[in-house]
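Residue numbers (this note's numbering), protein chains in the order written: chain A, 24 to 104; chain B, 24 to 104; chain C, 1010 to 1244; chain D, 978 to 1726.
Don't take each hint at face value.
[Claimed, not checked] Covered stretches of chain B, going by a simulated chain A footprint (3 or more residues, C-beta under 8 angstroms):
id, region
1, 44-54
2, 59-68
3, 87-101
[To be verified] Every beta carbon over 12 angstroms from chain D, so not counted as near; a handful from chain B, in silico:
id, residue
4, 24
5, 25
6, 26
7, 28
8, 30
9, 71
10, 74
11, 76
12, 77
13, 79
14, 80
[Said to hold, decoys possible] Distance condition first, Cα-Cα at most 20 angstroms in a straight line; then the derived PhoX-like pairs of lysine-lysine:
id, chain 1, residue 1, chain 2, residue 2
15, B, 34, A, 64
16, D, 984, D, 1036
17, B, 64, A, 64
18, A, 34, B, 64
19, D, 1176, D, 1191
20, A, 64, A, 34
21, D, 1048, D, 1002
22, D, 1248, D, 1312
23, D, 1184, D, 1002
In case anyone wonders, no lab produced these hints; they're calculated from the structure. Quick reminder that beta carbons are idealized off the backbone N, C-alpha and C, glycines included.
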Amino acid sequence: MARVVVDVMLKPEILDPQGQAVQRALPRLGFDGIADVRQGKRFELEVDGTVDDAALARIHEMAETFLANTVIEDFVVRVES
Amino acid sequence: MARVVVDVMLKPEILDPQGQAVQRALPRLGFDGIADVRQGKRFELEVDGTVDDAALARIHEMAETFLANTVIEDFVVRVES
Amino acid sequence: MTSRIGVVTFPGTLDDQDALRAVRVAGAEAVPLWHRDRDLHQVDAVVLAGGFSYGDYLRAGAISRFSPVMETIIEQAKGGMPVLGICNGFQILTEAHLLPGAMLRNNHLHFICRDQRLTVENAATAWTADYEQGQEISVPLKNMDGRYTADERTLDELEAEGRVAFRYTAGGNAADGYGNPNGSLRDIAGITNAAGNVVGLMPHPEHAVEPLIGTGGTDGLGFFTSILKKLVSAS
Amino acid sequence: MTLDTVKHASGTPDAEQPWRELGLKEDEYARIREILGRRPTGAELAMYSVMWSEHCSYKSSKVHLRQFGEKAPENDALLVGIGENAGVVDVGQGYAVTFKVESHNHPSYIEPYQGAATGVGGIVRDILAMGARPVAVVDPLRFGAPDHPDTRRVLPGVVAGIGGYGNCLGLPNIGGEVVFDSCYQGNPLVNAGCIGVMKHEDIHLAKASGPGNKVILYGARTGGDGIGGVSVLASETFDDSKPAKRPAVQVGDPFQEKLLIECTLEIFREKLVAGIQDLGGAGLSCATSELASAGSGGMRVELDRVHLRDATLSPEEILMSESQERMCAIVEPDKVERFLAICEKWDVIATVIGEVTEGERLEIYWHGEQIVDVPPRTVAHEGPVYERPYARPSWQDALQADDANALPRPADAEELRAQVLRLVASPNQASKAWITDQYDRFVQGNTVLAQPEDAGMVRIDEESNLGVAMATDGNGRYAKLDPYTGAQLALAEAYRNVAASGARPLAVSDCLNFGSPEDPDVMWQFAEATRGLADACQTLGTPVTGGNVSLYNQTGETAIHPTPVVAVLGVIDDVTRRTPIAFAEEGQLLYLLGDTREEFGGSAWSQVVHDHLGGLPPAVDLDRERLLAEILISASRDGMIDAAHDLSDGGLVQAVAESCLRGGKGARLVVPDGLDAFTFLLSESAGRAVVAVPRSEELRFTDMCGARGLPATRIGVVDGDAVEVQGAFGIPLDELRAAHEETIPGLLA
Ligand SMILES: Nc1ncnc2c1ncn2[C@@H]1O[C@H](COP(=O)(O)OP(=O)(O)O)[C@@H](O)[C@H]1O
Ligand SMILES: [Mg+2]
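Work out the full structure: start from the sequences and follow the hints.
Structure, rendered in C-alpha cells:
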C-alpha cells in the first residue's frame, strides 16, 4: 500500500471566492499578515502495490481527465513519503 | 513572502461521501488498483515576511479555530519549500 | 407520429420528472433514459435535466459525463442531435466538452433559488426558435455551482459567433429577478455550440411551463415548443 | 477483549458493567437484570441503554402524550395514528398523506452543518418508511441573539446543512420559521418536517411478521457515526467543558439518500416488502427491536453480515451506530432476489442479515456466538415510564403580573411610524429571504406556494389539482407567559395559516422542545403545553398524528422558553383556488376579519421596543378560529378574495407590510372606530386575518361574514406605492422594503 496525493488548485487567473472569503475573515479573527489565500482540493489515493513509473503515469492521466478540470484547474501528483 | 500550506482532511472515522463517489467511479473509467480515496481541502497561504516559529504557531491556531472544523477534520500545516 | 424527446436520469438527477412533464406539456412524447443504458431508444432529441448527479461530488457533472449513456449522446450530439442541458445538465455538457468553459461555485458561495430574468440573445438555436432575439423571460434559477467561466479568448469567440444564448438581464431590482446572480463572466446564463443543436443554461425553463406552479409563468415552455416544431418540420 | 456472549454473561453474574456511563439509572439496570434473569451482555446493555434513553423511550413525556390519543377528536381522515413512524391521513381521491416534524437540536449545536443535514435525512426516511414518496420539507428554526458571534457560526451552518441535504435530495422546502431569542443561545432548535404522499393501499408498517421472512439491511455501510450519540446526547445536557464526551458526529450523504428513496419507492411499487423501518437514532438496536416487537416477536440476526465502513467496530458499536442513509426491510424469501436486484440497479448495498423466527426472542449472533437474547418488547415498547414531579413555577405569577399593556406607548404619530419601521426591520420580523433563497422550493415541479406565503402548498395530483398545504408555528414567548395558552396559540396560528392559503386544516404533528424534565418548573411547562395542545386539537377537530419530544434543551440551569412547534396539514381540492398573500390589484378592498383587543403580552412590539417579556399572551378563542377558517376557505373556493394574510406576531401592520411588498402595491388604511392607531396596527389578538376583496365581490363577501357572525371591518384599499395610515403617517414601499429586507443579510452575509 502506498499513498499518492493529488493537489488540485484553481488556475491563478480564476477568481477563487472561497479563498477570498477566508482571507477577508482572517483580520476579523485577529490574524494579520496573510497576503493571499487560495483554496483547493487534496485527494489522498491509497494505491495497491508499489507505485512505479507506470502507476504514476496512470494516476497522472486520471488526474488530468477526471480529478481536475484542466479548463479551470492545475494539479500536482506526488508520492507521499 | 513565503507560502504555507494547510491540508485539511476528514478524520479517518468520518464518512467521506465525496471520496467514496470518486473511488467508485474509477474502475468505470478504467483505473484499477486504487484501494481508497479521501478528498480534503488544501489552503495555500501567502504570508508577509518570514515564517518563523511564532508565525507558524499563529497559523496553526488559525487552522485549528477556523480553517478546519476539528469536530470532524484533522489538519497539517507545512511551509512550502 | 409525434417526436420523441428523451430525458436522462443519472443517479442523483432531480428534475427529470419535471423535464418529462415539460416535454409532455409541449406535446411531444417524453422518453425516460437511464444512465447505464447506451441505447437512446430512437429519441429525436435529449434533455439533460437538473439536479445533483452523483451528489455533485468531485465537480458538478464530472462523474456523470463518463456514464454509458453519455458516450452515445456525445457521439450523436456531434452528429447534430439536439441536446439541451439544464443546470446540472449544462455542467455535464461542459465537463463533456460539448460546450466550452466550466462552471464554478457561485461567487457568494451559497446555493441560490430565485426567479431569474433572462435575455434571449440567440433565438436561432434548436431550442430557442420560439423566442424573439432580445426577448426577456422569467424562469426559476437554483444552483450552487452556476458561475460560468472561460478564458478571454473563448469568451470573445462565443460573443463573436453569437453563441451566447442567454444572459442574466441587468437593470432592475434583484427582488424582481434582475441581475447576475452568481458572478458569471459577461453575465452569461447559457450558451450554444456552433451548430446550434447543443444548448446549455443554468436557469430552469422546465419549471416555468404551467401557470401557478413554480414562478407561476409559462416563459420556459418555448424551449420545448421550439424543439418540437423543429423536429416535426424536419421529419 | 473476549466476546461477551450470553453464555459468558450467565457465567459471570458479578462482572462490572458501565451502565452509568451509558446513561442508565441504577434501578433501570436492576430492571434489565430482572427481565433477563441474569446480567446483560455488553451488546444487550448497549441496546437497552440506547432504547431506554429519553430520546427513544419518551420515558418522561409518555404519561402526558397519552392525552393526544385519549382526547383525539373523531376524524374519519385518520388512517394511521400515533405510534408508527409517522401518522397518515386520508386526503381524498385515494390518496393518503403522511407527515411529521422532528428535532435535531443538540447535534446541530455541536456541528451545525451535519447536525441539520442529518436531521433532514432522518425525517425524510421516517416518511419514506411509511410507504410514501416524500414531496416537501419544512424547517422550523430557533437561534440565539442575532448579533451573538456564536449565532454566526450556528445559523449559516444549519441553513447550509438543511439546504445542502434537502436540495440534493430533490425535495422542495416549502416553509418553516426563523426565530431569534437569546434563550436559544446554547440550544438552537433545529426542527425539520417532511410530507409524503401515497395511495391508501401503499401504506407500510414497521413490523416483522411471518417466520422465515428475511431481514434485509440496505443503504449506506455502517461506520462509527454517533456511537453513543442517542444516549449521551439526549439524556444529558450537552456540556462544552467535557470535549472527551463528544461523540463521533454523524455525517450525511444526501446523494446516498436520494438513491435510497428511489430504490425504496421502486421496491414498494413491486410490493416486495412485508414490513419496513428506517434506521435513525439507535440504529440497528432500534430497527431490529421495534420491528420484532411490533410483529410476532421472534427474530434472529447475524450481526457479522452487516457491511462495515470501519472493520474495527465491535458488535456493541455496530448495534449502536447511527450511520445515516440505512433502512431495514422484512421480505418474503421468494422476493429477496428481486429486492436485491433493484438495490443493485440503484447502486445501493443490501444484505440479508437475518430472519423472522417462530419464537418471541430477538437473538443476535456474532460469528456464530449468541450475544443478544431478549424479549424485544422490553427493549422497544416497554421501557421505563416516569411520572416526573411538576409544579407551577414560583416566578410564574410575577411574570404574568408584569403587564405589557402598561408599557409606555408611542407619544405621537411620528414615534409610532418609527416604531413600526423598527419592528418590520427587527430580526424576527424581517424578511428571511436570505435564508430561504438557499433552499430549492421549485424542484419536483409541484410547488404552488412557498416562502414567504402563509403556508407551503404542493399539488399532489396533476389531473385533478388536488393539493396539500402545511404551516408550522410556535411562539416561545407566549408559551413562557402561559404554556397552556401558548401551545394553543401555536396550533391556532398554524391552523389559521393553512386556512388563509385556502386549504382545509386536517391534522397536526408537533415537536415539543423543552428544558430538563428533571426540573419541576420545566415539567409543569411541558404538562401544561401538552394539555393545552390536546384540548385545542379536540376543539378544532384536528388530531395529533405524531411528533417528537426534545428535552434537556438548556444551558446549565437555564432552560429555553418552552417551545411547542406545531405543524398543521391541510388539503385543498383544487390548487388553482389557493390564496396568496400578495396585494396585487389596485382598488381591491382590505377587510380585517376578527376582533382586535389591547393584547401586547409577549408581543413583537414589547420585545423590539422595550425588550420586555411579561403579562399574558393573547386570548385564544378556538370557535372563532374555526369560523375564521371556514370563511377563508369558502371565500377562496368561491373566488371572493384575491389575497389573505393571517395576523400573528407584529400584528396588522406586519401583515399588511408583507402583503404589500409581495405584491409590489401600497395600501391606504383607515383606523376603525373604537380603536386607536397603535392598537390597530400592533396588537397581536388571535383569530384575525386581513383579506383583499375585489370590489365586485364585496357585497357577497360581507354578507357571508355577516350571516356567519364573523366581524369583518373595512380598513382600507390597495393603492399607491406606500403604506399610508390615514391621519397618522405613511411609509413609501421602497423605505419599507429596505427596512424589511436588509436586516438579515446585514447580520449574516
Ligand atoms: N427556515 C425556514 N425555511 C423555510 N421557510 C421559512 C423559514 N423561515 C421562514 N420561512 C417562511 O417565511 C414566511 C414567513 O415566516 P413567518 O413570518 O414565520 O410566517 P408566519 O408568521 O405566517 O408563521 C413563511 O412562508 C415561512 O414558511
Ligand atoms: Mg402567516
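Between the region 87-101 of chain B and chain A, are there enough contacts, at least three residues with CB-CB distance under 8 angstroms, for the coverage claim to hold? With 3 residues in contact (Cβ-Cβ under 8 angstroms with chain A), the coverage given for the region 87-101 of chain B holds.
Using Cβ atoms and 12 angstroms as the threshold, tell me whether residue 24 of chain B really stays out of contact range of chain D. holds, 31 angstroms
Quickly compare the C-alpha distance for residue 1048 of chain D and residue 1002 of chain D to 20 angstroms and report which way the hint goes. Status violated; Cα separation ~32 angstroms.
Is the claim that residue 25 of chain B lies outside the interface with chain D correct, judged by CB distances over 12 angstroms? Check passes; 30 angstroms lies beyond 12 angstroms.
Holds or violated: are the alpha carbons of residue 64 of chain B and residue 64 of chain A at most 20 angstroms from each other? Distance of about 5 angstroms is within 20 angstroms: holds.
Examine the region 44-54 of chain B for residues whose CB is less than 8 angstroms from any CB of chain A, and state whether their number is three or more. Holds: 5 residues of the region 44-54 of chain B have a Cβ under 8 angstroms from chain A.
Holds or violated: are the alpha carbons of residue 64 of chain A and residue 34 of chain A at most 20 angstroms from each other? holds, 12 angstroms
Does residue 1002 of chain D sit within 20 angstroms of residue 1184 of chain D, going by the straight-line distance between their CA atoms? Violated: residue 1184 of chain D and residue 1002 of chain D sit about 29 angstroms apart, past 20 angstroms.
Against chain D, does residue 30 of chain B hold up as non-interface, every C-beta pair farther apart than 12 angstroms? holds, 19 angstroms
Closer than 8 angstroms Cβ to Cβ for three or more residues is the test here. Does the region 59-68 of chain B pass it with chain A? n = 10 at 8 angstroms, threshold three: holds.
So is residue 71 of chain B really clear of chain D, every C-beta pair being over 12 angstroms apart? holds, 27 angstroms
Just double-check residue 76 of chain B for me: nearest Cβ-Cβ distance to chain D has to come out over 12 angstroms. holds, 27 angstroms
In terms of the numbered hints stated before, the structure departs from hints 16, 19, 21, 23, listed from lowest to highest.
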